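> Sequence:
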Amino acid sequence: MTDILVDVFPSKVTANVLLFLSDRALTTLLRGLPEESELRPFVLSRMYKTLEVFRSEQLVEAANLNAPVETLYLRGENDYVTFFEQNPGFVSLISDVHLWLDCFHDYEKYSKMEFRSIHLNLELAANLKLSEAPRNLKLIHIAYGGSNPIKMKAWLPSLTCFKVSCHANLRLIDLPEDLKELSCEDLYGFWGLLPPRLEKLELILMESLSSNLTFFPESLKELLIKHCTGFTIGKLLTRLPVTLKKLRLKHVTRFSSNEILLPESLEELLIRNCSISNMESLTSRLPSSLKKLDLILTEPSFSNQILFPSALRELIIGCISDIEDAVARLPASLKKLTLELDIGSKLASLEFPDSLEVLNLSYCEIESLEGFKFPNCLVEFNLGWNNIKELKKSKFPESLTVLNLERNEITTIDSCAFPQSLMVLNLERNNFSSLNCEFPKLRELYASENSLIALDGATFPELEVLDISNYPSGEIRSMMNVKFPSSLKVLKAVGHCIRDYPQTRLPLGLEELEINVSEKAHRLLFPPKLKCLNLTLPNTANSEFSLLNLPATLIKLEITNGICTEFDWRLPHLEELNLNYFQGRLRVPPSVKTLFIHVEDAEQLKSIVVTNKLGYCRINSSSGTFNEAITDLIEFQRS
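Just so we're aligned: the sequence shown equals residues 0 to 638 in numbering that gives the first Met the number 0.
A portion of the hints provided could be inaccurate.
Derived lysine-lysine pairs resembling DSSO-like cross-links, with alpha carbons at most 30 Å apart [to be verified]: (1) Lys345 x Lys391; (2) Lys225 x Lys245; (3) Lys440 x Lys491; (4) Lys612 x Lys530; (5) Lys519 x Lys605; (6) Lys440 x Lys482; (7) Lys245 x Lys179; (8) Lys334 x Lys440; (9) Lys137 x Lys162.
Keep in mind that the hints were calculated from the coordinates and are not lab data.
Remember, it's a predicted structure, so these values are computed and weren't measured experimentally.
Produce the complete structure using the sequences and hints provided.
Now the structure itself:
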């Protein structure tokens, strides 16, 4: 059914549809797609448009999916270099790399990587040699803290972005003529002229600016000013170019809004945590072309002094003195709204435009939904982190597909009238004990950190993701009477110690399972297509890893508690292995690339046998000292 998107609609339309899906929804969608699906490349492209790497397993996962990464962000760690050397095919799928290094010397180990485009960020610039920089360098970021600032006169023709901070003598730097983006932080002085083709400019912690810079280039499209004073930038805001599209002011103090002349071309305006006098002078003359407004002030402003442009599509607003008046005057065509206000018991008196599709009222101290008039076109509603206690009298619109009620005080959802259109429901961190509801089209249900004691009354025939985790311990002991749908792909039930796991009927198509069990290892059976398993065993002598009937399809395995001997795991596709609080001897499956081990006492880990395919390994203990062979392995991995 999902391939209808590709068959019926042009590729641009398909890509736009995927833009509205959350990361969780995209992951769920991908799990349900066969390898040959024509929709799969579109989903992967959306999921990996940007990838910020904190752990090597993120790279492993992306490489296993053959995911095309548009922008990769990473710090230069040794284990990343090893991974790239072993996976040249994945390197070819990365369009752009943003690489953070301590100094230019650290770039040497990355210089042989055939990245298509590199943005280089250096913490220290003392050893920078542009002659040795990569030929496809797009950005260079120099954070200079030394007493002898370097000279930068000759530039690579590929360079389009330049970031510089803490440089004491800008006369040593000639900006390239073709520069597109420039970011400046904590500089002494400034250039009198900027490159004529500059499109994006960031000014942060600049204290001596306006006396040097006389005007912005007409090519400028985006401007950020952050942590500056009106004495520094006041005059500049009267000289904004007529072509400017985005203006962001953050933590700017001591200047008057009369000094800001907004161009009519402006489409996005952000003013956050700024101390601005005569603010009404600015908000009463917003450009008619404005599509997005983010307005959070340090002092309450009168809402009747804000004239919202009719073209406005997205609004984020806070620190307003009269909530009712502000909501009443919202433009009729508004699509997205976020209120950062203390609404409390006033919700029923607010009437939002029916055009709203996304409404975010998280952290608004809302106590009840009783009497609230929902916008007719509402698709996504965020009510997380409020004080809502019950939902019985709430009539949600049939257009609603995503509802977030995380971190409230809801004690029951039994018999709640959720709309049939609902596809994603987040009920995490509330206080209800049962799920006696019908969810006819629900795909994802997140109900972790509640007081659940059973799942028997819930009906969710099309559910794909169910999370009822309760760490460190939950109250559910039985699942044998739960009717899990055949569509279920992910079940997370960590913390609940299930006593009748062998009698529990899990779907054959389940791909990810997290569960605590009380049964002996040899009695456990798992779905045949399982790819990820997080299993907590009872801490007894019967919990031997070799007795587990693990499916050969596993890619990621985590086990807590148990006893390990050197045996053949028979897991040919396993790539990540995580073992906690176990004891014995371990022979790592040859396919494993990432290994995590934690034991209570170092002496409980007798030996480890690994292969040369292992790319990353982390071994630690709560106490004690590892034997010499294991210590040597740890030191080898660190080197």
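> What are the numbers of the hints the structure violates, in ascending order?
none
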